[in-house]
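Enquirer: These protein sequences, in sequence, are chains A and B. So for the first sequence, our numbering puts the first residue at 1; every next one is plus one. So for the second sequence, our numbering puts the first residue at 1001; every next one is plus one.
For the record, the hints were derived by calculation from the structure and aren't laboratory data. A virtual CB, placed ideally from N, CA and C, is assigned to each residue, including glycine. Be careful, since some hints might not be right.
To be verified - Which residues of chain A face chain B? A partial, calculated answer using Cβ under 10 Å:
no., residue
1, TYR3
2, THR7
3, PHE8
4, ASP260
5, GLN275
6, LEU277
7, GLY280
Claimed, not checked - Facing chain A, from chain B, some residues (calculated, C-beta under 8 Å):
no., residue
8, VAL1074
9, GLU1075
10, TYR1180
11, ARG1205
12, SER1515
13, GLU1570
Stated by the list, open to error - Computed footprint of chain A on chain B; a stretch qualifies when at least three of its residues, placed anywhere within it, have a C-beta under 8 Å from a C-beta of chain A:
no., stretch
14, 1444–1456
15, 1495–1509
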Amino acid sequence: MTYIRPTFRHPNLPKNKINYTRKDYEGALSTLCAGCGHDSISGAIIQACFELAIEPHRLAKMSGIGCSSKTPAYFLGNSHGFNSVHGRMPSVATGAYLANRDLVYFGVSGDGDTASIGMGQFVHAIRRNLNMVYIVMNNGCYGLTKGQDSATADAGSVSKAGSTNMFNAIDLVGLGLELGATFVARSFSGDKTQLIPLIKAAMSHPGFALIDVISPCVTFNNNTGSTKSYDYVREHIEATSTIDFVPTMEEITTSYEEGDSKEVTLHDGSILNLQKLNQGWNPEDKLSAMIALQNAKSKGEILTGLIYIEPNTQSLHEVLGTCQTPLNALKEDILCPGIDALEALNQSLR
Amino acid sequence: MEPTNVNDPEYYHKVVDCQYACPAHTPVPEYIRLIAAERYTEAYMINWESNVFPGVLGRTCDRPCEPACRRGRVEEEPVAICRLKRVAADNKGNIKNLIPKAPEKGNGKKVALIGAGPASLTVARDLAPIGYEIHVFDEQIKGGGMMRSQIPSFRLPEHVLDEEVNNILDMGIHTHFKTYVSSLKDVLAKDYDAVFIGTGAPRGRDLADLPGRKEGAANIHIGIEWLASVAFEHTNKIGKNVIVLGGGNTAMDCCRTSRRLGGENVKVVVRSPFTEMKASPWEKEDAMHEDIPILDNHVPKSFVVEDGQLKGMTFEKVHAVYDEKGKRSLLPTGEAHVFIEADDVLVAIGQENSFPWIERDLGIEFDKWEMPKVDAVTFQSTNPKVFFGGDAALGPKNVITAVAQGHQGAISIDLFCQGKSLNDRPSPYTNLVSQKMGIHEWSYDSVVATDHRFVVAQADKAVTLKDRKKEVELGFNKLEGFKEAQRCLNCDAQTVFTENRCIECDACMDICPTSCITFTVNGTEEDLRTRLMAPALNLDQELLVSGTLATGRVMVKDEDVCLHCGLCAERCPTSAWDMQKFFYNVTKAHHGCQTATA
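Same shape as in the complex, but just chain A:
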């Protein structure tokens, strides 16, 4: 009987720049169903943080309620975390982000947590352009309550019990674009070669980065007729481009042909190398992104990869012009400059 992961690791595990191995980014053993797409996304997050050499204590995981929102327990066990109320993760994340702008914020949510109960919170987090990664583990059903259709289930998708979904799906990517999200992407839990560079790019992006990850629910939504099953997604997937993330200061060693490729330089100097571009699509042109999205939808394809990016965006702190130092690092003499400063202020308001 094994609910315990052995403590032994591969003796030749690769080490990153700060001398950590993947083990230092692991969390507790998952209690999700065997084969859950969410576990695969956790694996991609671990790998991305390892490759970016994030110091675990410089990262905060935020989540709400649901299978998806349990996952922060299963990765980055040495990082900060806050498991909030259902659908209320964006509010908690906003507060945390305003109090301490030095951390990397990693929001994990599900289709119910984002597109139903948390919709009102989600849209404002986008509008305010919080500097955070917002991953939606999107399986189109309520796995925790035995697989009822969620708001992202496609019309016509057949559930495991055999009933057909009658309502149109909320497309979180389309919604994100419409609301002005500055980094929008879609991916698939079964395609780590795409997901890992996307997560790394999202973490390097200075504003709100939405990644809608289709993540099949093996237990309740992996049946024939479902549009969120491993097989269906693999058959209908279409990528905007291939993605290669090149961190700051790293030399680019591969060369690409002109015309079919594009380089996007991110705010921190790292570079996204996009290859085999979709026709007419330019990741920095919102209109072309919307067209590409609609084109794919009309063809019954699932468009994945980077959809839209606005590399030099201004996050909430910059818009508000807030203090550079996190609140917990401000000394008493700054927070309370004394009677003379107060007098001077009062005088200036006379």
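Place chain B on chain A using the hints.
Expert: Then chain B, alone, in the frame of chain A:
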């Protein structure tokens, strides 16, 4: 890479590192699990089937399995496989009725075995139950060969050896002890259908040309002869100051025996550096524990004899130098020669084969080193009727190798006596069965224990050094045996992958604690080994490669440090991974015959 052919029984066999490394291919994890379940008799019988002398080997084996143990690659120390074998032997129940008997009516064939050591006794064990009339010849008063004459009683109590030798002799073997065979021609002239020669490597090397060797002869002894003389109680004392020359296990036995026969100031002196000595590390430790210093890098120069009495020896100090090919030479350091005082010197610098009793006109060809030409698979000599096994066949090795060769010799003799081709060897018996009991449950204990290797307790030195027959090692008790058994990773619980069930959810890759599993695009082996979750640098270990999956990728598993924890199979939603127990047993002559007669 092409998909791995797991239908070849050697693929999964190789994954069970210990069993693969064992010359007799004893099913190690199988008997270790039985020990953990307190089923000692069954554990013993699995050993008995494979290696014939579990009680002896559980104390004295050279342990080729332990350096191979996977545990040694994920942690510091391998499982104490050898000493667990002893736990089975120490706690077993009555096995008399489990041992096959010779049939009342024989098959009419007669086989002579020359020498009653482990190789010959193995042949007897395999052939007697299928009706062969076995005649064993040995010059000593009891069977056991080198196991009796070379291994001191403080490592191997006589009753343990007697019991296991007698289990075989009781099968109706005709014994001719105290009978020195002085002519093979005479043996061949008799009506034997086959002759098996298991006479070991009986001649100890000497330093005949060293100055003073003749003058000091009364106090200079050949190690293996001296040990035999002690074992058969012809020798019961030695001088206070003793030098043992040599760095092998015989030297360790000589020095420790000397300490028990009156040697107070016993030193081992060896030419090579300490780390390159042939002796097993644990035997060196045991010698040093008994206050015996080991002086390395000392080359013997002369025996010093005054007035006909040995006074000691002189040595030249050297250091090891290696050329580009790694070949070692010992160069003098230039320091003055060292004199070491000694009343007696034991020369244990190796042993050789010697066949003065084999006439050279019997059709048995010998090579330039005076070794018979023996087929390394069939153990047949150039005289088809004559077979060799053990140290006599391919040079000095160890008990477990002798047993393995005895099994093969028995198969050959059986085939030969039936007029069949010796190259038509029986296939191994294999079996592969799923261990799944439930979602998180396997029929083996899949949790990986984190305990470090347990140490075998020893009897008090004050007692053991006074009594040559007092066994030093106490062996694991049942609880220690259980805990040590739990360290076994159950490498025979194979990770079996069925590619047409895989939906490529990556769950196995994400959960694997030791990063063994990777889904990636195919490539050459050299290329794939660099592209895995962790680089596969151990080239001795295979990659398990699947056929092409739906997305065009392949599954690649590096077998190197797999913990056989079963997590890949537990996290697999479609049972594409399954833990299946692989049982591999080398077929013995008595099985071969059963199928032949059926």
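Enquirer: Please go over all the hints and tell whether each is borne out by the structure.
Expert: Hint check results:
1. TYR3: OK, holds: TYR3/A within 10 Å of chain B, min 6 Å.
2. THR7: This interface hint holds because 6 Å falls under the 10 Å limit.
3. PHE8: holds, 5 Å
4. ASP260: violated, 21 Å
5. GLN275: violated, 16 Å
6. LEU277: Where the cut-off is 10 Å and the nearest Cβ of chain B is about 22 Å from LEU277/A, the hint is violated.
7. GLY280: violated, 27 Å
8. VAL1074: holds, 5 Å
9. GLU1075: With Cβ-Cβ at 7 Å, under 8 Å, it holds.
10. TYR1180: violated, 55 Å
11. ARG1205: violated, 41 Å
12. SER1515: Because about 5 Å separates SER1515/B from the closest Cβ in chain A, which is inside the 8 Å limit, the hint holds.
13. GLU1570: holds, 6 Å
14. 1444–1456: holds (count 4)
15. 1495–1509: holds (count 6)
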